[in-house]
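Chemist: Here's the letter readout for the chains.
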Amino acid sequence: MITAILTIAGLATLFGLILGYSAIRFRVEGDPIADQIDALLPQTQCGQCGFAGCRPYAEAMATGEAEINRCPPGGEATMIALAELLGRDPVALEDEAAAEKPKSVAYIVEDECIGCTLCIQACPVDAIMGAAKQMHTVITDECTGCELCLPPCPVECIHMQPLGATPQTWKWPYPADTVTEAGHG
Amino acid sequence: MQFATGSSPHLAGPQSVTRVMALVLLALVPGTLAMLWYFGWGLLINLAIAVITAVVAEAAILLLRGRPVAATLIDLSAVVTAWLLALALPPLLPWWQTVLGTTFAIVIAKQLFGGIGFNPFNPAMAGYVLLLVSFPVTMTRWLPPEVLSGNLPSLADSLHMIFSGTPPAGQTWDVISGATPLDQMRTELSQNRMISEIHKSPLWGDFGGRGWEWVGNWFLLGGLFMIWRRVISWRIPASMLGALLLVAGLFWAIDPETHPFPAFHLFSGGAILGAFFIATDPVSASTTPRGQLIYGALIGVLVFIIRTWGGYPDAVAFSVLLLNMAAPTIDYYTQPRIFGQRKSNDA
Amino acid sequence: MADARKDWSFHGGVHLDDHKAESTGQPVRRLPIPDRLTLPLHQHIGLSAEPVVRVGDLVKKGQLVAQASDYVSASIHAPTSGRVVGIGPQAVPHPSGLYDACIVIESDGKDAWTDLPEPMTDYATLPTADLRERIRWAGIVGLGGAAFPTAVKVNTSGQRPIDTLVINAAECEPYITCDDMLMREQAADVVEGIGILRHLVGARQCLIGIEDNKPEAAEALRQALSTKADTGTEVVVIPTLYPSGGEKQLIRLLTGREVPSHGLPAAVGVLCQNVATAVAVADAVLRGRPLIERVITVTGRGVRQPGNFRVAIGSAADFVIAQSGGYSDAVRQLILGGPMMGFAMQHDQVPVTKATNCLLAAAQDEVPAHPAERPCIRCGECVKVCPAQLLPQQIFWHARAHDFDKAQDYHLFDCIECGCCAYVCPAHIPLVHYYRFAKTEIWAQEREREKSDLARRRHEARVARIERLEQERKARLRQKKEALEQKSGESAADPKKAAIEAAMRRVAAKKAAQPPEPETPGGE
Ligand code: SF4
Ligand code: SF4
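Chains as they are written, first to last, in the numbering used here: chain X, 1 to 185; chain G, 1001 to 1347; chain R, 2001 to 2524.
Be aware that one or more of the hints could be misleading.
[What the hints assert, rightly or not] For the chain R half of the interface with chain X, some residues (derived, Cβ under 7 Å), not all of them:
hint: 1; residue: His2094
hint: 2; residue: Gly2097
hint: 3; residue: Leu2098
hint: 4; residue: Asp2100
hint: 5; residue: Thr2114
hint: 6; residue: Ala2147
hint: 7; residue: Phe2148
hint: 8; residue: His2433
hint: 9; residue: Thr2440
hint: 10; residue: Glu2441
hint: 11; residue: Gln2445
hint: 12; residue: Ala2464
hint: 13; residue: Arg2468
hint: 14; residue: Arg2505
hint: 15; residue: Arg2506
[Stated by the list, open to error] Only some residues are given here: those of chain R computed to face chain X with a beta carbon under 7 Å:
hint: 16; residue: Phe2010
hint: 17; residue: Tyr2434
hint: 18; residue: Ser2452
hint: 19; residue: Ala2455
hint: 20; residue: Arg2462
hint: 21; residue: Lys2480
hint: 22; residue: Lys2481
hint: 23; residue: Ala2483
hint: 24; residue: Gln2486
hint: 25; residue: Ala2508
Keep in mind that the hints were calculated from the coordinates and are not lab data. Just so we're clear, the structure is a prediction, and the values are computed from it rather than from any experiment. Where a beta carbon is used, it is the ideal one built from N, C-alpha and C, also for glycine.
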């Protein structure tokens, strides 16, 4: 009886020591969960979640302050990935309509641009090029489609252009939805 | 001009699920005829009950699930399940038990998991096991093969027994029925009798239980036919029977008086039918080449273990169901080497 | 050695009716040049070519109209003389049916050549870099269907030395016979091309792999080889078994070497080229001609006169079909390429490109409508035939469930899309379609991830820059304040005045800092 108790106690102490040691030895620096969350977010930096960019939203989710359903550009897929990562239940998106918008990029009608630089200041990823009093233009490859440059433009010369698929970016549809017959399609 | 589209390949081979299943049924014919010969009308009646039940049950559940009925029934998989189950049932089983077992096999074990292709367990064996644990008395009431009793119940008697559940007037179940060779062996061994003694009984033929051995041989023929037509691969039957023989041989070599000779294991129960027709059910079996060898061998070993130390008349059903559970895991760990995966083999 | 070689085989494969005889009855016929030619800028693997002409320009036959824009890219030349009438999106031969950038040339009917570069008949004495440059100039890509730029492929510097050149003459897809006819009629050119390629990569031996259903072509090659007194080049006849013409499968068949998964043939000392590519190389080096035409097979019971035709690249499919007698009533599908790997087109207003080897106008009984898909019964038929030795049913299972990580665990990207698995599947599952779906989804996800990584980096850089500017501004302010305090301490002047002055300076500083470096938006 005594031996049994002693053994268990001994084992408990031993494991406690091992656990304690590994907690110190293998401590992870920083806040990895926020990093992991941030990696899942689309980095549009649009602020539609109510935070000042993706990173702040990620940190808020990491501390449990924010729901996981506030990222319209990420849509359902991002929400589900977040739910999986954080072990939370999937919830309906807060703004379904916004999530269904097609991917777009900003486009400046260059003839109308007055060169005020306001859009340049608004762009979270520095995707707009131009100098004061000169026409501005959007680097399409770097634009995230956040639409933050639209409101500041005094002459409303910025439009969103949906990004259509090209043969290079086209995706094969899910098989069950295809196979057309001659004549229908 | 508009043309039909779709992904390549635009050609399709002649294979179809219906063809595969039809070949399985064809391969079952010789063994089934042999069983009819040895065990009489009861088997045929069971077969009819099971097949009709299976088709009706499958059609009903497909309707409920809103799936195409005709397109699915035509794949014949329900008929194969019913057929295999009927072969495993005692010939004079009360009709409603056959109906119950078949319905369970089709509705619960197959369709509720998503239908053909999605069932983790062999439906026929699931139905069999359900009946075995629910109705142990009727499920162990076998007929002695014709060669022993000399006469089989007539068609009328068989119908009477199956549909009323009572023996014909003036007879008792004890008179009509007989134990299977496996049961006999187990009972006598538990009475501490020696194999050499037991073996003297007329119950035993050249390889195993008299009558049973020939049924086994005919099923073997059908199995070889399926291997030849590439319906199944040789791996599962070979490894299962090989492992069974090996383990049985080992114990027999250690003590031939308490462990029956290896051929007994092969030819006295459902081992052959199981090895070629049940363990090879592709949906629930392992599919990688190495996995199939492991899967088959483990079934073989389990059959021996359960037969020798377990309490049930035959072990094939349990062994197959147990390994069905393990099949996905076996598959995962036995993925074959893909082309170009190892270092290239040029010197 | 030849005997030892015969023992090699690859796993799986399927036997198919080859349907070659339909289109080999007549010699290759040159088709006239249509009025309009459409040249897609992206008809090869790699980046699109960059146009070097403008709408309205007059071009001569063989003149460069679009230049390779990258190392992996290919130039495009005018297939005839005429005028550039458009540069913009046109229907292209792609399964999506989408439009892509093309140069459209209207023929002037004169078919007048531009000045061509000098032939390099003495290629054996020239530096290989010059030869590669010529091949690059000519815009040659793999003509077997893959369309990988040849100049890139033959640049083997920095890799394991190449000892074997494998010439792919297997043409294992049913119906296609353009390589077969090319070998029968231009065996000498094939041999010349082989000579150049061997010289280029320094291959000790050359093995021409050809299926045993093309005895005439094999014989023609042997003849041509014997007159050339070429040593070390050998015609190896292999059994007809689809897909023996798969690059890795053919290399295995001929040399027994197994190209590593995700690796190139160069990893086992092999370079593989298609026969038609060898002819194009000979044309470029020995005759100074760019790649502006090719031989294609037009076949199937959907056309009236099947055969092989030499067509200008950019000719529309409907023009080619009309020239070969037009459609028969039986036509159901138009497939670019063969029935196992080709793409079904929605319509025939697409141009023939460098990669087009066959127009298969197939009738109902040749390519029947795909039977309805049934659940997988895990029968393992697909495993038996897969030449890449994969477990197709497992990849399918996970692709179907959108579980792309698992699909990759089962080596999705080793699938060569040969279609053997789908061909034998008794459940008629369009397996390859599932794999393509999964592959393109994974690529799209990768693009998204790259894009979001870029956005994250740029955003972080921007935040850091704004912060730095703020710090600098504060530092400047502090300095000025300190300077002011010193001064005011010294002179003990009117403190009120000093305060106003300081405030004004602050405002000025703020104004100066307002537009944060607008001229260098990305300048971090
Ligand atoms: S051939 Fe078809 S049914 Fe058979 S295992 Fe492969 S995918 Fe499944
Ligand atoms: S298509 Fe892919 S998975 Fe199917 S047989 Fe060919 S290589 Fe294997």
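Chemist: Hint by hint, say whether it matches the structure.
Modeler: Consistency of the hints with the structure:
1. His2094: holds, 4 Å
2. Gly2097: Violated: closest Cβ of chain X sits about 9 Å from Gly2097/R, beyond 7 Å.
3. Leu2098: Holds. Min distance 5 Å.
4. Asp2100: holds, 5 Å
5. Thr2114: Not OK, violated: Thr2114/R not within 7 Å of chain X, min 30 Å.
6. Ala2147: violated, 13 Å
7. Phe2148: It is violated, given that the least Cβ distance between Phe2148/R and chain X is near 15 Å, above 7 Å.
8. His2433: Hint on His2433/R: holds, closest Cβ of chain X at ~4 Å, below 7 Å.
9. Thr2440: holds, 4 Å
10. Glu2441: holds, 6 Å
11. Gln2445: violated, 9 Å
12. Ala2464: violated, 12 Å
13. Arg2468: violated, 14 Å
14. Arg2505: violated, 23 Å
15. Arg2506: violated, 21 Å
16. Phe2010: Status violated, d = 27 Å.
17. Tyr2434: holds, 6 Å
18. Ser2452: The hint holds - Ser2452/R has a Cβ within 7 Å of chain X, the shortest such distance being about 4 Å.
19. Ala2455: holds, 4 Å
20. Arg2462: holds, 5 Å
21. Lys2480: At 25 Å from the nearest chain X Cβ, Lys2480/R fails the 7 Å test, so the hint is violated.
22. Lys2481: violated, 27 Å
23. Ala2483: violated, 30 Å
24. Gln2486: Since chain X brings no Cβ nearer than about 36 Å to Gln2486/R, farther than 7 Å, the hint is violated.
25. Ala2508: violated, 18 Å
In summary, the structure is inconsistent with hints 2, 5, 6, 7, 11, 12, 13, 14, 15, 16, 21, 22, 23, 24, 25 from the numbered list given earlier, while agreeing with the others.
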